[in-house]
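Protein chains in written order, with the numbering used here: chain V, -19 to 195; chain S, 447 to 945.
Keep in mind that the hints were calculated from the coordinates and are not lab data. Ideal placement from N, C-alpha and C gives every residue a C-beta, glycine not left out. There could be a bad hint or two in this list.
To be verified - Here are the simulated lysine to any residue pairs, SDA-like style, with alpha carbons at most 20 Å apart: (1) 610/S - 676/S; (2) 713/S - 634/S; (3) 713/S - 639/S; (4) 610/S - 193/V; (5) 610/S - 192/V; (6) 103/V - 784/S.
Claimed, not checked - Across the chosen pairs, the derived CB separations fall in these ranges: (7) 459/S - 132/V: 33 to 43 Å; (8) 170/V - 915/S: 21 to 31 Å; (9) 153/V - 697/S: 52 to 62 Å; (10) 635/S - 101/V: 52 to 62 Å.
Residues per chain, in single letters:
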Amino acid sequence: MATIPLPLGDDLYLCAHDAPRGRCLLTPATLGLGLAAALLGELVLWRRLDLRDNHMTVIDDRATGDPATTAVLGQLMRESHHRRLRDWISFLATGVATELVERRLARAGLIRREEKRGLLGTKVRFVPTDDSVAGWPGTRIRIAATRGELLDSPDLVLTGLVLATGLDQHVLVTLEAGERDHLYDQLRRRMPAMLQHLVGHAEAAVGDAVMARRA
Amino acid sequence: MSTSTPVRESQLSTALARDRLGVAAVVFFVMSAAAPLTVVAGVVPTGLAVTGLTAISIAFLAVALVLAVFAVGYVAMSRHIANAGAFYAYIARGLGRPLGVGAAWVALLAYNSFQIASYGGFGAIATPLFADWFGVDLPWWGIALVAWALVAVLGVRDVAVNGKVLATLLVAEIVLVVIFSFADMLSADFAASSAPLDPGSLVGTGAGALLVMAVTGFVGFEQSVVFSEESRDPRRTVPRATYIAVALIAVLYAFSAWAMISAAGDKAVERAGAEGPELFFNLASDRLGGTALHLGHALFLTSLIAAMISFHNIIARYTFSLGREGVLPRAFGRTVPATGAPKNGSLAQSALGLIAIGIYALAGWDPLVQMFFWGGTTGGIGVLLLITVTSVAVIGYFARHPEGEDAWHRVGAPLLGTVLLLVVTYLALTNIAVLFGVEPGSTLTWAVPLAYALLTLAGVAWALILRRTRPQVYAGIGMGARSAGTGFSFRDATSEAQP
Chain V
-19 MATIPLPLGD
-9 DLYLCAHDAP
1 RGRCLLTPAT
11 LGLGLAAALL
21 GELVLWRRLD
31 LRDNHMTVID
41 DRATGDPATT
51 AVLGQLMRES
61 HHRRLRDWIS
71 FLATGVATEL
81 VERRLARAGL
91 IRREEKRGLL
101 GTKVRFVPTD
111 DSVAGWPGTR
121 IRIAATRGEL
131 LDSPDLVLTG
141 LVLATGLDQH
151 VLVTLEAGER
161 DHLYDQLRRR
171 MPAMLQHLVG
181 HAEAAVGDAV
191 MARRA
Chain S
447 MSTSTPVRES
457 QLSTALARDR
467 LGVAAVVFFV
477 MSAAAPLTVV
487 AGVVPTGLAV
497 TGLTAISIAF
507 LAVALVLAVF
517 AVGYVAMSRH
527 IANAGAFYAY
537 IARGLGRPLG
547 VGAAWVALLA
557 YNSFQIASYG
567 GFGAIATPLF
577 ADWFGVDLPW
587 WGIALVAWAL
597 VAVLGVRDVA
607 VNGKVLATLL
617 VAEIVLVVIF
627 SFADMLSADF
637 AASSAPLDPG
647 SLVGTGAGAL
657 LVMAVTGFVG
667 FEQSVVFSEE
677 SRDPRRTVPR
687 ATYIAVALIA
697 VLYAFSAWAM
707 ISAAGDKAVE
717 RAGAEGPELF
727 FNLASDRLGG
737 TALHLGHALF
747 LTSLIAAMIS
757 FHNIIARYTF
767 SLGREGVLPR
777 AFGRTVPATG
787 APKNGSLAQS
797 ALGLIAIGIY
807 ALAGWDPLVQ
817 MFFWGGTTGG
827 IGVLLLITVT
837 SVAVIGYFAR
847 HPEGEDAWHR
857 VGAPLLGTVL
867 LLVVTYLALT
877 NIAVLFGVEP
887 GSTLTWAVPL
897 AYALLTLAGV
907 AWALILRRTR
917 PQVYAGIGMG
927 ARSAGTGFSF
937 RDATSEAQP
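Isolated chain S, as found in the complex (with noise of 0.2 Å):
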């Protein structure tokens, strides 16, 4: 390399490295939208109650464990693709376009799921806290519209919460929830509890709908290779970062979860159906008083809120990308031209949000178990189909392109981690009425998976109907933004008449 250097060094590698990513910046944008807070406080409770299962602790151990797995392929065959950052891209480019789009269709409704999600998670949280500090007594729906309204102007004018505030909000959360779990370790019921970290509990019933609540508990993750091409080293640091994200999580929710149940002894299923999200302020809030109580409620939906706006964001940007393909309707490829937001994705997530939240209010449907838990499980479980089926395509595409990587990167992680992976799915889809907290064989068991199935098959139909009558745009496919000859308006104007 020194050689072909010349002295003088050069402007143009200067410029570009400039605004280079590291790996903290890269691991504070995924751990902000993997939200710690929402997750200790208001997954496991509620997972808890509605599930009765306790072996939490040991789930997210475990999940962490196959990610970091899957994470050695997924990392190395972000380096080899356009758009990495979006699972469908992975998957057109390793098991064919038609899955692809199938995969595309999959994530759309897996992340507006986890968005609708968080909707009910907050009304149902904010509302006893409104009470309880201003003495009003509204109905949830109504503050989850005022959050929102708030998403949905930040996101059509494209305001992304600042990353210096999201990093201390991130940080505060994270010590938070930290301080708690050793304030519980201090109250008076503690008795360490080998219940969360039983590793018998990983193939008893139920162990299905634990691993998809800590799968639920990581997402955001796969959201690091998006800084490949941005990040100083795209070799080092994507790939430590994401390690470091996924461990960072994985011993921060297995300790908090674990200092939560054995604080709350016996009664920590019954306590966490009564107590909800509150169980987790509750069981530390005799040794910290009045004042560290409010400070985490009222960080508590600061996290909610900054989860929310970064995850609809990331989905409009997913929509954005799907409509410069040509995969969704173009109008959603469009920005508005003085602030770069893509204007119609953002629009239509909001959309889908306001009538969720406008059937669950007219239904009379709980917010908190059935739209915020039911929600993010439905979406866990997208997710983890979506890296499952990935998975495999990573040693479909090192099959056919084994340049640039040594052998365990190409088939003996992604082997490894297809297996794993395929295992949790089949417990995830067989455990699937422990973890809605249903009847075995009701509505929602199948509907779910079924929702997908169709989701994919219908993708499927639309990539083969694409191939037919637009080959440009099938040829585009799993392209993204990203790559010339995909783009929107001016390929688009430049491409129409071709048979």
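Just chain V, same shape as in the assembly (with noise of 0.2 Å):
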């Protein structure tokens, strides 16, 4: 199962939750900025958008064929004078972003809801099925990077949002100094552009939340 490649914003909800809990390690906040910008991602990287400085196009308005990109995309269709990247980053960040891709993580059976009895009501939650799949995706990109080996464009995204969510405190912590250079190495020269510049976004919008005491 952990074999086949996931969509980027699956990868990168499996790299957040530490896999013998199932326990988010980015708060709902951040996690939402993350993922939106890994949906946004997904859709570059199946060619149905374009982005340059803050301004967004979209170049092929077709189905992606998975609900999650697809919904994201009607939804462009729908807002289409709506195209500053920082405001979707925003607006799918706000829990439309995580609710997609979770929905689709069930679906696929990587996840499953849980549900706890507490005093206050029930809480809701998602934690990994299996926890090899959890862990996995960060696990990929350690070893590639211990390997030295090269990665595809959706995982040199997931590796920037890793870095921009912060998370690299945990996925990429035990990476040596050269194997760290390596792989920056990688995000600077072989990403492309416009993924480059939408992790960038994604990472002044987490500094944003930050400072707006609203991480």
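Combine both chains into one complex, guided by the hints.
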């Protein structure tokens, strides 16, 4: 199961949950920003979306065959007067992106709904169905970095978003300096400019949230 | 507008508008950072005792007027720049990046002075109260350390005081100040005094000292613009909130200071010296009785703690944004992923606070005058310098980017504000001995301005070094955490090898 490549958003979601307990390593706000950027990144990889500075252009409005990105694309088409990248990251981060990704992962059987009854009502959360699934995307990047292998574009964006959300403090902490340099070098040289741009905006949005006490 | 908006409501606009703040929310935030009870019961009586000057009410009103004029251009510029809320961002954009870094460092010292002052104030004020309530005789620094530990733990875990709790405390503080002030007016010795309102004192000796004390009372008002992008209508919400907050603070402080000094009669300065912060409570107590007094004291302590926590968070975030920019070491741009707390900025502030408490405790210095009042006024001078330079920066910025603002916002108000602020700054620096209550020429009178001057120079030098060695970092100065291209780890990772 773990060897089938997952969409970017799913990978990031699993990266952000620790394997043994299924606990989320990020605040809901930061996770939302990361997943928002991940879904937009998927649309860039699907060749549906172009990004320039803070502006986005839909270059192809055909459905992608994946419900999550198709939903975002549909929303983009409906709200054609809104084209600022940062606005869309903020909007999708209000819970839209997290819900889309959770639904997609649940459909694939990788996470399951768990209800916890407490004193103050029932808490619903999603937990990975399998320990190895939760840790896998992070492990994959780590292994590639230790072996000095080259990452493909989706994994480069994933690495970028791991850095942007601060997840690197969990995922990349065991890397040695040389391995880290090699990884950064790839981000610099091999990640498409448009996606570098997207990750940069995601990172700025995360910093923004910290400053405005929303993180 | 209506022609381009589709009939169906935009989900995006609705979702983004849901969290937007209104005028009241911004006013609350600003006023809680200003900590009214701390100023009225803490700063005013201590200031009376140290400087021997009574014309504090008119000083509050005068400073409010100057700040309102300053705010016209300040708020206008906040709509055009990233990282609004940090003075150095305005200075970097208006007067160049090197001076911006200098200002950033000055601001760090000024804000930390306030924070350290509040530890001393809390220790000094709580010690007699604890002795009274619980019969325990603790050293001031012991109590200060407990408050410090609380702030440090909450800070690094980023537990902000709940908004509703803060609002309740604030309203209670304001109500208490008003009731106590009216009780002052009913006290036996009350005789309406004209001294607190004498405009002549604003040109007399010690005028600068009064003005700095008043500026200290307003610190926090500059935070209103942090919410520029979060407010319902940036063109109206933030300016209105700023003016309302400044006006409310001015009226509240001026009235309560006047009532307090009038009630103390001719002996205001002597009694302030003997009774310290208790003056505010003692004067009103004969009308209000013991319960009100205890309630007032309890609220005084909670107000100080709330102010400490919110100020600590402001400093931690300020350090965080400097770390993200690369002006401070990158490690300060780190947060705890699970909480979003700006961990290293918070830890650094706490370390500094611990060192300061330790030094004062070991040296046996007075926590009320030498830590609370001197610290607060040192911070006040720093903020006054920052406001003045920012006012110049606003003129500089709009001279190059006149788009979207009218002449009053771009030139008129900033020019007027700058002239007024330069006068205030001049008076402050020439009256510095009166302000600290020391002999002219003693160490403190030149050490504080020198520290700010050296920090500015060091900041300028650091900026020039960055320009040569790390042009990408230099280019991002003043942008804070806000704009793409200046982030921390990812940008750092992708820009390292470039020359």
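Structure-based check of all given hints:
no. : hint                      : verdict
1   : 610/S - 676/S             : holds (19 Å)
2   : 713/S - 634/S             : holds (14 Å)
3   : 713/S - 639/S             : holds (12 Å)
4   : 610/S - 193/V             : holds (15 Å)
5   : 610/S - 192/V             : holds (17 Å)
6   : 103/V - 784/S             : holds (19 Å)
7   : 459/S - 132/V: 33 to 43 Å : holds (36 Å)
8   : 170/V - 915/S: 21 to 31 Å : holds (26 Å)
9   : 153/V - 697/S: 52 to 62 Å : holds (54 Å)
10  : 635/S - 101/V: 52 to 62 Å : holds (58 Å)
Comparing the model with each numbered hint stated earlier shows that all of them hold.
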